[in-house]
Amino acid sequence: MEESLMVAPVLFAEIPAAAGKLGRITLSVEATLNSLTLEMVDLLQQRLDAWAADDSIAAVFIEGAGDKAFCAGGDVQALYRSAVEQPGGPCEYAEAFFAREYRLNYALHTYAKPLICWGHGIVMGGGLGVMAGCSHRVVTERTRIAMPEITIALFPDVGGSWFLNHAPGKTGEFLALTGASINAADAIYIGIADRFIASEHKDAVISGLLKQQWDAEPALNHALVRHVLRPFAEQSIAASPAGQVEPHAATIAQLLDGDDIHDIIDKITSQDTDDPWLAKARDSLAQGSRLAALWIDRQLWETRHAGLAAIFQAEIQLATNIVRHPEFAEGVRALLIDKDRNPRWQYSDSRDIPPALLDQFFTPPWGENPLADLG
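So in the UniProt record's numbering, spot 30 of the sequence shown is number 30, and the numbers just go up one at a time.
Rather than coming from a laboratory, the hints here were simulated on the basis of the structure. Cβ atoms here follow ideal geometry from the backbone N, Cα and C, with glycine treated the same way. Honestly, I wouldn't trust all of these hints.
What follows is a list of derived Cβ distance ranges for each label pair [stated by the list, open to error]:
#1 Pro218 to Asp359: 41 to 49 Å
#2 Asp352 to Pro276: 27 to 35 Å
#3 Ala238 to Gln360: 48 to 56 Å
Derived DSS-like pairs: lysine-lysine, alpha-carbon spacing no greater than 27 Å straight-line [said to hold, decoys possible]:
#4 Lys68 to Lys280
#5 Lys280 to Lys339
#6 Lys113 to Lys202
#7 Lys202 to Lys21
From just these sequences and the hints, can you work out the full model?
Right under this line is the structure:
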C-alpha cells in the first residue's frame with residue numbers, strides 16, 4: 001500500500017554559506033501555480049519574523065516551485081466563497097486574508113536583510129505583491145506579470161497603490177485600468193524588478209550566494225547580493241525580451257490625458273488600433289467592471305503622495321468594502337467559477353455610477369483600521 005505524502009505549501013530551508021546562512025523559501029503548490037492561501041501567508045510571516053531575529057540568517061532567497069509560475073496570485077476562489085457566504089459582510093476569511101497578506105507585504109518592503117526574489121514564470125496579484133516587496137527582484141525571459149483585477153472587480157492591491165504610482169508617467173494607471181500583461185523588460189522599466197537574469201543561471205546564482213562570507217551588518221550583505229547578481233545580469237543582456245510599456249509610453253500618456261476618468265475610459269476603449277498589446281489592453285478594460293475602473297482611479301489618486309504604511313491602510317479599507325459588495329463576487333463567478341466570461345456588471349457606463357456609491361468604498365467599514373499599527 002502506497003502512502004501519499006503531503007507536501008507543505010511553503011518549504012523553508014537554512015543553507016550554510018561560507019559564513020552565515022542563506023534562508024530559502026519555496027512556494028510549493030504547483031497545481032495552483034503557487035497561489036497564496038491564508039495558511040501560506042501565515043507561514044511566510046512567521047518564518048520571516050523568526051529569520052529577522054536570527055543573526056545566523058544573512059539573506060533570504062524566495063522562489064516558486066516548478067517552471068510555470070513564481071506565484072499566480074491569491075486564492076481568489078476562497079475569497080469568492082467568503083463573499084457569497086456572508087453577503088454584505090463581514091466576510092471573515094476574505095477580510096482576514098487581505099489584512100494578513102498586506103501585513104506580510106509591508107514586512108517584505110521594510111525587511112532589513114536582503115530578500116532575493118526569483119520572479120520566474122507567471123507573477124500576478126499576490127505574487128507580484130511578494131516580489132515587489134523584496135529588495136533584490138530578479139526577472140527572467142519567462143516572466144509574465146499582470147494585475148488584471150479590473151476583470152474581477154477588485155483593484156491592484158498588495159502595494160500596487162505604491163508601486164504603480166511610482167511607475168514612469170502614466171504607465172502605472174494604464175496597467176491598473178487595463179490589466180495589461182508585461183514582461184521582464186517592462187517590469188524593470190516601471191520599477192517593480194531590478195535585474196534580468198536568464199533562468200539557466202539560477203543554480204549558479206544560488207551557488208554564488210552560498211560562497212559569500214556574510215556579514216552581521218545587513219547593509220553590507222545587500223552589497224554582497226548585488227556583487228553576486230551583477231555578472232549574471234551582464235551575461236544575460238542578449239536574452240532580454242523587448243518591452244512593451246516603454247515603446248508605448250507616449251501613446252499611454254495621450255490615452256490617459258482625459259478630462260476625467262470617464263473620458264479616459266472612453267479614450268482607451270475606443271482605440272482603433274492594430275497593435276496587439278494595445279488592443280488586448282483596450283478589450284480588457286472594455287469587458288471589465290466600470291465600478292472597479294472608478295475605484296482603481298480614485299485609489300491611485302488618493303494615495304499618490306502616501307507613505308507605505310498609509311498605502312496598506314488605504315488598501316485594506318478599499319478591499320474590505322469591495323469584498324462586501326456583490327460586484328466582486330459577480331466578477332469572480334463569470335471568470336473563475338462558471339467561466340462563462342459574461343459578467344453582469346451593475347453599470348455599463350461609468351457616468352451612471354452615483355458619486356455617493358463610489359464614496360462608500362472609501363469610507364471606513366469598521367471603528368479601527370486592522371493595519372493601524374503599521375509604521
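A quick look at each hint next to the structure:
1. At roughly 43 Å, the beta-carbon separation of Pro218 and Asp359 lies within the given 41 to 49 Å, and the hint holds.
2. Taking 27 to 35 Å as the suggested C-beta distance range, the pair Asp352 and Pro276 conforms, at roughly 31 Å.
3. A beta carbon spacing of about 52 Å between Ala238 and Gln360 agrees with the range 48 to 56 Å that was offered as a hint.
4. The suggested pairing of Lys68 with Lys280 holds, with an alpha-carbon distance near 22 Å, which does not exceed 27 Å.
5. Straight-line distance between C-alpha atoms of Lys280 and Lys339 comes to about 19 Å, which keeps the hinted pair within the 27 Å bound.
6. Restraint check: the Cα-Cα separation between Lys113 and Lys202 comes to about 20 Å, which is no more than 27 Å; the hinted pair holds.
7. About 18 Å separates the Cα atoms of Lys202 and Lys21, which keeps this hinted pair within 27 Å; it holds.
The structure meets every hint from the earlier list without exception.
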